[in-house]
Structure formats: structure tokens, C-alpha cells
Amino acid sequence: MLREEVGILVVDDVNTMRIQIRDLLKQFGFKKITLAAGTPEAKAALETETIHLIMADWHMEPLDGMELLRYVRNHPQHKNVCFIMVTAEGVKEKVIEAIRSGVDNYLVKPLTPVEIQNKVYGILLKKQVL
Amino acid sequence: MKARREQIQEFVNELSGFATTAEATLKKIEEDLEGNKKLFSVFSERMIAIRGTSLQLELPHIAEIAGLSEEIAVRGTDAQTRPQIRKCVGALFDALTTIKHLLIHHDEETGEEQEILKNRLQATLRAFGGARPTVTADEIEALLRNRS
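As they're listed, the protein sequences go chains A and B. FYI, the numbering for the first sequence is 38 to 167, going by my numbering. FYI, the numbering for the second sequence is 62 to 209, going by my numbering.
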């Protein structure tokens, strides 16, 4: 699949962050980027768009990124979607919790273009989306 | 990509909603210190959002105060006595006021008052047992590698 065809869902309750991540992804040639302000919106997007990768913030109200991760991993159609947790959460026990819950990768804010590029391409190649 | 100044302005506008939630939460805790101390978790969630976005927008002073506030709020949920809870509430009100001020005046140098506040927050946090242990990006990589 070409990177222009890869569907990426960016989920963050802070609009500034959503825009930043979208702009960074566009720099790397990704075009099909859907933005969601929270877990309910993200769940709706999964039903209407073709999504290959979710980049979700952890701390969102009322349903956080972990809720979304568990929903995705338990969903028969979406369980293999790549999932990167994008968060300022660096507390060890929380990171371990995310890894145990099936996150594919973990990005700690502040995000750098190099890190985004490495982790996004890395997971898309590993899961043979690209 | 939008200019940094424009992004910061958008964030400042967006923050007013977060600050309102955080302030309302502190007021609720103040009304019933022991009964509502679990609401510190709402405050810490808002602080982590402010910290993450501030780091992204290269506003380290705001990120630092938000980070200290987040940890104090986490400790606040476990505080055992009314004076301890009250101390957390007081520190967090000061921190929130400072964050709002710094966001509006993000171009200015940080003043002595902010440094004093940071020291006070650090002392408060130390009194409650300090910040939770965090992991570096390299340690996260290692944890991910070890899983598979």
C-alpha cells in the first residue's frame, strides 16, 4: 500500500495537539488523516473510515485512550489496527499498563518529526501495511 | 504549518476551558475536603493535557508547573488529613493562577515570583513523598522490545 492510502486516525482532546500531529504526518506524505476529539468520536470514525493506524492521547475525558485501546483490541474487525499511544504520561507503571494492554508503540510528548517518522513507519512496515 | 505564535494563541484560547474545569474542581474539593478529594484526579488529568501541549509548543516553564501540579494532585487523592488536603488545594490554586498568567504572557521572561512558586510546589511535593518514578524514551523502547 502507498503511504497516501494509509488511513490514520489522530485522537486527542486538545485541538492544538491534533493539528500539530496532523501537520507532521502530512509532511511525511500521509494524506488520509482523520481527526477525533475523543474516544466516542474515534469509535464512530472507525465505522465510517478505513483506518490502519490510530495515534491516540491517553488522558482524555470522559473515556481515555486506554478505553479506546481496549475497545479496538477486543473488536473483531479492528483488533489488528496499529495503535500508538501519544502522551505526556511517562509514569513507569502506566507505561507498562499500556504495553500490556496491546499498544504497538508509545510516543512521549514533546513529539519530534524524527520520532514520529520512525515510529509511524516502523509500525506500518512491521504490520505490513506499507 | 501554522506559525508558533498562532499555535500558542490557539492553545491559550483552548486552555480557558481546561482552567475553568480545573478551577471548578478545586472549588468542589474545598467545599468538602475529605469527601471530594478523589476529584484531584480530574485536576491531574487537566494538568497532564496542559503539560503535554506546553512541551510540544516549547513552553517549558508552563510544562514544569503543570507537571508539579499533576503530581501534587495525584498525591492529594491519597492525603489522609484535612490540613494535608487543604495544603494541596492551596498549592494547586496558586499553580493554576500562575499557569494562566504565563500562558497569556508567554513571551516574557519568567520572573522571580514564578521561581518562588516552583520552589514551593517542589517543597509541597517532596512533603507528600515526591513525584512518581518515570521512564525515559529508551526505557520505553526496552519495555516494548522485551514484550515481544
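It should be emphasised that the hints constitute simulated quantities derived from the structure, not laboratory data. One or more hints might be untrue.
[Unchecked claim] For lysine-lysine, the following PhoX-like pairs were computed, each having C-alpha atoms within a straight-line distance of at most 25 Å:
| id | chain 1 | residue 1 | chain 2 | residue 2 |
| --- | --- | --- | --- | --- |
| 1 | A | Lys131 | B | Lys88 |
| 2 | A | Lys163 | A | Lys116 |
| 3 | B | Lys99 | A | Lys129 |
| 4 | A | Lys69 | A | Lys164 |
| 5 | A | Lys129 | B | Lys161 |
[As the list claims (entries may be wrong)] Footprint (simulated), chain B over chain A, 3 or more residues, beta carbon under 8 Å:
| id | stretch |
| --- | --- |
| 6 | 87 to 93 |
| 7 | 123 to 135 |
If you're wondering where the values come from, they're calculated on a predicted model, not measured in any experiment. We put the beta carbon where it would ideally sit given N, CA and C, even for glycine.
Checked hints:
Between Lys131 (chain A) and Lys88 (chain B) the alpha-carbon distance is near 28 Å, which puts this suggested pair outside the 25 Å criterion. Annotation: proposed proximity of Lys163 (chain A) to Lys116 (chain A) holds, straight-line Cα distance about 16 Å (limit 25 Å). For the suggested pair Lys99 (chain B) and Lys129 (chain A), the alpha carbons sit about 22 Å apart, so the restraint of at most 25 Å is met. Annotation: proposed proximity of Lys69 (chain A) to Lys164 (chain A) holds, straight-line Cα distance about 18 Å (limit 25 Å).
With a C-alpha separation of about 29 Å, the suggested pair Lys129 (chain A) and Lys161 (chain B) falls outside the 25 Å cut-off, and the hint is violated. Residues of the stretch 87 to 93 of chain A with a Cβ under 8 Å from some Cβ of chain B number 0, which does not satisfy the need for three, so the listed coverage is violated. Counting residues of the stretch 123 to 135 of chain A whose C-beta sits closer than 8 Å to any C-beta of chain B gives 9, which meets the bar of three, so the coverage hint holds.
Checked against the numbered hints listed earlier, the structure breaks hints 1, 5 and 6; every other hint is satisfied.
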